[in-house]
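Asker: Here is what each chain is made of, one letter per residue.
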Amino acid sequence: MNPYIANTDEEVKLMLEAVGVKSIDGLFADIKPHHRPKSFNIPQGKSEFEVLEYINHLAKKNADDLTLFIGGGYYDHYTPAAISALISRGEFYTAYTPYQPECSQGTLQALYEYQSCICALTEMEVSNASLYDGGTALYEAMMMALRVTGRNKVIVDGGVSPIYRKIIKTYTSNLNIEFKETPVVHGQSDRSEITKLLDDKTAAVILQNPNFFGAIDDHSDIAQKAHTCGALVIESVYPVSLGILKTPGEMGVDIVTGEGQSLGLSLNFGGPYLGFMATRREFVRKMPGRIVGQTVDSKGRRCFVNTLQAREQHIRREKAMSNICTNVALCATQSLMFMSLLGKQGLKELAQLNLDKAEFARQVIGKIKGVEVKKSSPTFNEFCVFLPQDASKVVAAMIKKGFAAGFPLGRYYPGMENYLLVAVTEKRTKEEIEKFAQNLKDVLWN
Amino acid sequence: MEVMKHYFYTKEHEWINIDGETAYVGITEYAQSALGDITFVELPKVDSEVEQFERLAAVESVKAASDIFSPMSGKVIEVNTALDSKPELINKSCFENGWIAKIELADEEEKSNLMTAAEYEKFLEGLEE
Amino acid sequence: MELIFEKSVTGHRGFRVSNSDVGVQAHLPAQYLRVKDSQLPEVTELDCVRHFTLLSQLNFSVDTQFYPLGSCTMKYNPKFTEKAASLSGFANLHPLLPQLKGGELFTQGALEVLYEMDILLSEITGMDDFTMQPLAGAHGELTGVMLMAAYHRAKGNKKKYIIIPDSAHGTNPASAAIAGYEIISIPSDKNGLMDIVKLKEKLNADVAGVMLTCPDTLGIFNPDIDKITKMVHDVDGLVYYDGANLNPILGRCRPGDVGFDIMHINLHKTFSTPHGGGGPGSGPVGVKKKISAFLPISRVVKRDDGAFALDYDFPDSIGYIASFYGNFGLILRAFAYILMLGKEGLLETANHAVLNANYIRSKLKQYYHLPFDRICMHECVFSALRQAEKGVHAIDIAKFLIDKGIHPPTVYFPLIVKEAVMIEPTETESKKTMDHFIATMIEAAQLVEKDPDMFHSLPLTTPVSRPDEVKAAKDIDCNFFFKGRPGQ
Numbered sequence: 011m012n013p014y015i016a017n018t019d020e021e022v023k024l025m026l027e028a029v030g031v032k033s034i035d036g037l038f039a040d041i042k043p044h045h046r047p048k049s050f051n052i053p054q055g056k057s058e059f060e061v062l063e064y065i066n067h068l069a070k071k072n073a074d075d076l077t078l079f080i081g082g083g084y085y086d087h088y089t090p091a092a093i094s095a096l097i098s099r100g101e102f103y104t105a106y107t108p109y110q111p112e113c114s115q116g117t118l119q120a121l122y123e124y125q126s127c128i129c130a131l132t133e134m135e136v137s138n139a140s141l142y143d144g145g146t147a148l149y150e151a152m153m154m155a156l157r158v159t160g161r162n163k164v165i166v167d168g169g170v171s172p173i174y175r176k177i178i179k180t181y182t183s184n185l186n187i188e189f190k191e192t193p194v195v196h197g198q199s200d201r202s203e204i205t206k207l208l209d210d211k212t213a214a215v216i217l218q219n220p221n222f223f224g225a226i227d228d229h230s231d232i233a234q235k236a237h238t239c240g241a242l243v244i245e246s247v248y249p250v251s252l253g254i255l256k257t258p259g260e261m262g263v264d265i266v267t268g269e270g271q272s273l274g275l276s277l278n279f280g281g282p283y284l285g286f287m288a289t290r291r292e293f294v295r296k297m298p299g300r301i302v303g304q305t306v307d308s309k310g311r312r313c314f315v316n317t318l319q320a321r322e323q324h325i326r327r328e329k330a331m332s333n334i335c336t337n338v339a340l341c342a343t344q345s346l347m348f349m350s351l352l353g354k355q356g357l358k359e360l361a362q363l364n365l366d367k368a369e370f371a372r373q374v375i376g377k378i379k380g381v382e383v384k385k386s387s388p389t390f391n392e393f394c395v396f397l398p399q400d401a402s403k404v405v406a407a408m409i410k411k412g413f414a415a416g417f418p419l420g421r422y423y424p425g426m427e428n429y430l431l432v433a434v435t436e437k438r439t440k441e442e443i444e445k446f447a448q449n450l451k452d453v454l455w456n
Numbered sequence: 002m003e004v005m006k007h008y009f010y011t012k013e014h015e016w017i018n019i020d021g022e023t024a025y026v027g028i029t030e031y032a033q034s035a036l037g038d039i040t041f042v043e044l045p046k047v048d049s050e051v052e053q054f055e056r057l058a059a060v061e062s063v064k065a066a067s068d069i070f071s072p073m074s075g076k077v078i079e080v081n082t083a084l085d086s087k088p089e090l091i092n093k094s095c096f097e098n099g100w101i102a103k104i105e106l107a108d109e110e111e112k113s114n115l116m117t118a119a120e121y122e123k124f125l126e127g128l129e130e
Numbered sequence: 005m006e007l008i009f010e011k012s013v014t015g016h017r018g019f020r021v022s023n024s025d026v027g028v029q030a031h032l033p034a035q036y037l038r039v040k041d042s043q044l045p046e047v048t049e050l051d052c053v054r055h056f057t058l059l060s061q062l063n064f065s066v067d068t069q070f071y072p073l074g075s076c077t078m079k080y081n082p083k084f085t086e087k088a089a090s091l092s093g094f095a096n097l098h099p100l101l102p103q104l105k106g107g108e109l110f111t112q113g114a115l116e117v118l119y120e121m122d123i124l125l126s127e128i129t130g131m132d133d134f135t136m137q138p139l140a141g142a143h144g145e146l147t148g149v150m151l152m153a154a155y156h157r158a159k160g161n162k163k164k165y166i167i168i169p170d171s172a173h174g175t176n177p178a179s180a181a182i183a184g185y186e187i188i189s190i191p192s193d194k195n196g197l198m199d200i201v202k203l204k205e206k207l208n209a210d211v212a213g214v215m216l217t218c219p220d221t222l223g224i225f226n227p228d229i230d231k232i233t234k235m236v237h238d239v240d241g242l243v244y245y246d247g248a249n250l251n252p253i254l255g256r257c258r259p260g261d262v263g264f265d266i267m268h269i270n271l272h273k274t275f276s277t278p279h280g281g282g283g284p285g286s287g288p289v290g291v292k293k294k295i296s297a298f299l300p301i302s303r304v305v306k307r308d309d310g311a312f313a314l315d316y317d318f319p320d321s322i323g324y325i326a327s328f329y330g331n332f333g334l335i336l337r338a339f340a341y342i343l344m345l346g347k348e349g350l351l352e353t354a355n356h357a358v359l360n361a362n363y364i365r366s367k368l369k370q371y372y373h374l375p376f377d378r379i380c381m382h383e384c385v386f387s388a389l390r391q392a393e394k395g396v397h398a399i400d401i402a403k404f405l406i407d408k409g410i411h412p413p414t415v416y417f418p419l420i421v422k423e424a425v426m427i428e429p430t431e432t433e434s435k436k437t438m439d440h441f442i443a444t445m446i447e448a449a450q451l452v453e454k455d456p457d458m459f460h461s462l463p464l465t466t467p468v469s470r471p472d473e474v475k476a477a478k479d480i481d482c483n484f485f486f487k488g489r490p491g492q
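Chains as they are written, first to last, in this note's numbering: chain B, 11 to 456; chain Y, 2 to 130; chain X, 5 to 492.
Don't take every hint at face value.
Said to hold, decoys possible - Below, simulated BS3-like cross-link-like pairs (lysine-lysine); rule was C-alpha separation at most 27 Å, straight line:
| no. | chain 1 | residue 1 | chain 2 | residue 2 |
| --- | --- | --- | --- | --- |
| 1 | B | 296 | Y | 6 |
| 2 | Y | 87 | X | 394 |
| 3 | Y | 6 | Y | 64 |
| 4 | B | 70 | X | 87 |
| 5 | Y | 64 | X | 394 |
| 6 | X | 231 | B | 48 |
| 7 | X | 105 | B | 296 |
| 8 | B | 384 | X | 105 |
| 9 | B | 329 | Y | 6 |
| 10 | Y | 46 | B | 211 |
| 11 | Y | 64 | B | 329 |
| 12 | Y | 12 | X | 422 |
In case anyone wonders, no lab produced these hints; they're calculated from the structure.
Using the sequences provided together with the hints, build the complete structure.
Answerer: Below, the structure written as C-alpha cells:
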C-alpha cells in the first residue's frame, strides 16, 4: 500500500462530487481497454520495517570493511560529521530547482558560494553550478571548446582517465571531430608529440593533473604553445590535491573540470557524484549548465538568481549550450560545506597529509622484493607499482585478505598487466599501510 | 507599433536603412518588445562578409535569445560598440541609436526581397490576429 | 544573509585533519606547487553550522511547504529511503570494486539492487531491458536518442529528423540536437493533443523517430497514442517516451504496451527520490528487445551460479554514458520505495495523483481560464489570461502565493499556453492542504478584480523580493572573488 496518501474514503467521495465523476476509474476514460497493461506483476508492498530488513540484508552482502588502497579518480576520504547533519536538512534536499528566487535563496546563495569556492580552489574566474560528474563535465568542456573556437580537432593526453575517454568516445561517435591521442612519457605529458599536433585546426588539448597514473605535471608550457595556435587547454583536476598543487589558473588553462567526489561525498558505488567546471570570464556565455549570479532586489537588497538562462535548454531548446536541466545542486552544496569546514588551512593540511602518507607507502612498498615503485615523475596520493606478477591476480588474492590493493592498469591499458595503481588517503593509518605491505609481500612470495 | 517609413524589413523583424552604397541594420520595435530587456548583444566582426538572410548577430534578454539575420548581403564596416556596455539602447531606440551594424552593400537589387514599411505594417497586423 | 566569505576571520579553523602518524614529510619541487593559498573560507565549525542551518531556512521545500510544481512531481520523499541509502554497506562501496578480478563477489548486494531494479522497472513500464546509467532525465533523453541513432545505423537507415511536439519540454529538442538530428516541431491541435494530421504530413522515411510524453505536458492522455506509435513504426521510425509524466499511469498503462520503443524514467519524480535543490537526479532508460544490443555497458547479469556480475561483452553497445552504473544512491532509494508501495501502492499513486489534480481543476475553473476544459491527468494547466487583462500576470500570481507560504506552480510552461500556470499536487497531498491552496488562489483572483496594482510589489514577507534579473545578466557576478567585465 501507499502510506503517503492522505485521502480517506469520505474525502474521495467529496472530491469526486466536486469533479462530477462517479468513480476514480471515470477519470481514466481516455485510457481504453486496449491500452491497459499486458501484465503488472509487481510484488505486494511491504512495511517500512520489512523493506529495511531486506535492504540491510543486501547491504551486508557488500564488503564495506575492506581497507581501500584503490582510487582511479574516486577516493576514500573522511566526511566530517557536520556535513552529514547539515545536508540532511529537509529544506536543502527536498527543495527543487530555484525557479522562484524569493523562496530559494538558501539553495541559490549556497550555489553562488560553491561557484566562488571552486574558483578559489582552481584560480579560475567563473564556475557553473555543477554538471553530473567529472566524466560528463570533461565532455561538456570539449564541446564548449569546439563552440568557442569553431574548430574540430582535439588532442587528448594519454594520461587522461580512460573511463572519461570512453565517455567522450561514446558521445562523439556521430560527430565530425578529429581526435589525436598523445602518449605519456615517464609518467608525464609528451610535449614533443603535442607540439607536433598543435595547429590552427586544433580546438583543444585535453590534459589531466594529477593524471590517471598519479603523476603530477606543470602544464604551463603546453598552455602557452596551445594559445599561440589559438587552441584552448582543458584540464581535469583532483580538487583535494589543489590544497598544495599548482592550480590550472596559474598554468594558463582555459577550462577546468573535475570530479568533486573527494570534496565530502561518499563513494556510493558510483554516484551521485559532482562534476565541476570553471573557465575564463570571457567564455561565460558559452559555458553549459546553470549559473547563479548576484544581483539586487526591488529594495536594493543583495540576492541571488539563476542567470544567463538564455544559454539553457528551457529557452534555447535545440540551440542550447547543453541539454542539462537537473544537475547535482545537493552534491555541490555538500562540497561547499566540505570546503568551508576544512577551509583555507584545512584543505592545505589535508593535501599534505595525503602526500605524506602516500610517500610513506611508496617507501614501505618499495622495500618489497621484486616490486618497483615508479619514480620517474612526482606523484600526489596515487602512484604506479610494477609487480613481478599479473596485478589483477595479486589484487584477487589481496582482496581475500581484506585489502582493495589498487587498480590493475591492464584493465584499460593492454601491455600494463603487471602494473598496479595504488592510492593512499589520510584515512590510511601507519599500521594499515605496513600491514598492506606485509600482505602484499606474502601474496607475492609465499 | 512604430515603423520607419523609408526603411526595409524582413519577416524576422530586422530593418535596414539604405543610404547609397552602405546601410545600417537593426531590429524592430516588435522584436525588442518581444525580447524584453536586452542584456547582451553579440556583435559581428568588422570586415566579415554576410549573405542576405544569413546570421549576422545575436541578441539576448533574460527570457530569450535570438539570432539576427542580415536583411541584405555585404561587408560589415562598422559595429555599434556602444551596445557592449549599453545593450538597452536597442530597447530605448531600436531604429536609431540601437543600430547593430553598418554594412557595405553587395547588391542593391536584393531589397526587392524585403518588405516596405507599408508591407511590414500589414504583416504586423496579420501577426496580431 | 552574509556570505560565508564575509564571515571568515583570519586564523579561524573548522574541521581538523588528524596528525600524521607516518613520520614522513614529503616535499614536491616548487614548480609543481601553488604559489598562493586558496581563498577558501576561514570559519569555525560552529559558524559553519549556523551559516548552513540559517541558509536552509531561506528555502521553501516539500518538507515545509505545498510545492505543486507542474511537471516536477514534487511528492513527499519518504525518510526511510534515506536510512537505506546511508547504510555503510552501500555508502562506502568503491565503484571500481566489481571491476577487479573476483571483486564482484564483494559487491553482490549492490549488483543485486541494480539487477532487480532492471526487472521491476521493465515490468512497470512494459519495456524489456533497462540501463540505470543515465544521471538525470535529460541525460536519459540523450542516451535514448543515441540508442535510436545506433539502431538506425545498424540497419543502414539514413535518417535526419526527429519529430517533437511544440508542447515538449526543452530538454527534448536540446537532446535530439546534441545527438546530431534536426528537429521538426508539430503543433498541438485545439484539444491540446499532438496534431495527428500534421504529424502524418511530416512522417516520412527521413524521420528517425518521434519524442513524446503521455500524458502530454498539458496533462492530457492521448487516446490515439497507439495509432501514433504505429504510424511512426510504419516509416521504420522509433518512438521515445519522456517519462516525466509517468506518475498518473502507473498500473493503468505501460508505455511498452502502446508502442513506445525507448523511454526514460525520472527517479526523482515518479519514484520519489529527493530533488535536492536541483539534483542529483537519475534517468534510467528502458528499451524494447530490438534495441537492447545497443544499451550502454556495463550491464549487470546473473550467472548460472546465481552470482551477479558486470558484463562488458556487448559489441554493439554505444559505450559508456557515465563513469559507472548510474546514480546508485538514488537507484537504491527508488528501489526501497517501489518495494514498500508494491503493486497496490503504485496503483493508488496514479489514482490519487489524478484525483487530486482534477479536484483542484474543478474548484478553480470559474476563476482562472482553463484552455482545455476537460478531465486532466496528474497536472492541470490554467492560463492567467483573464488576470493579465487587468495587468496581473502568471508571475504575479506566483509571487502572491509565495507570500502565503505556498510554493508557486510552474509558470510559463508549456510554451504553447499563454500565461501558463501548471499545477501538479501529487498523490501525497491531503484535501486539507489542497483546500487551503484553492482558497488562496481564489483570494488572488478576487484581489485581481479589486486591486490589481498591489500584485506588482509582491512578495512582501520574504527576505528578498523581485530580484533584478536584467542586472544579473548584464553585470555578471557569479564569483565572489572576481568582479568585472572581461578585459578589466
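Asker: None of the hints should be skipped; say for each whether it holds.
Answerer: Now for the hints, and whether the structure bears them out:
1. Distance restraint check for residue 296 of chain B and residue 6 of chain Y: the Cα-Cα separation of roughly 38 Å exceeds the 27 Å cut-off, and the hinted pair is therefore not satisfied.
2. As the CA atoms of residue 87 of chain Y and residue 394 of chain X are separated by approximately 32 Å, the hinted pair breaks the 27 Å bound.
3. Under the criterion of a C-alpha separation no larger than 27 Å, the hint pairing residue 6 of chain Y with residue 64 of chain Y is inconsistent with the structure, at around 30 Å.
4. Under the criterion of a C-alpha separation no larger than 27 Å, the hint pairing residue 70 of chain B with residue 87 of chain X is consistent with the structure, at around 15 Å.
5. Between residue 64 of chain Y and residue 394 of chain X the alpha-carbon distance is near 22 Å, which keeps this suggested pair within the 27 Å criterion.
6. For the hint linking residue 231 of chain X to residue 48 of chain B, the alpha-carbon distance of about 17 Å falls within 27 Å, and the restraint holds.
7. Proximity of residue 105 of chain X to residue 296 of chain B is assessed by CA-CA distance (about 43 Å); at most 27 Å being required, the pair is judged violated.
8. Distance hint between residue 384 of chain B and residue 105 of chain X is fulfilled; the C-alpha atoms sit about 23 Å from each other, no more than 27 Å.
9. For the suggested pair residue 329 of chain B and residue 6 of chain Y, the alpha carbons sit about 34 Å apart, so the restraint of at most 27 Å is broken.
10. Distance restraint check for residue 46 of chain Y and residue 211 of chain B: the Cα-Cα separation of roughly 20 Å lies within the 27 Å cut-off, and the hinted pair is therefore satisfied.
11. For the suggested pair residue 64 of chain Y and residue 329 of chain B, the alpha carbons sit about 14 Å apart, so the restraint of at most 27 Å is met.
12. A threshold of 27 Å between alpha carbons decides the hint, and for residue 12 of chain Y with residue 422 of chain X the separation of about 22 Å falls inside it, so the pair holds.
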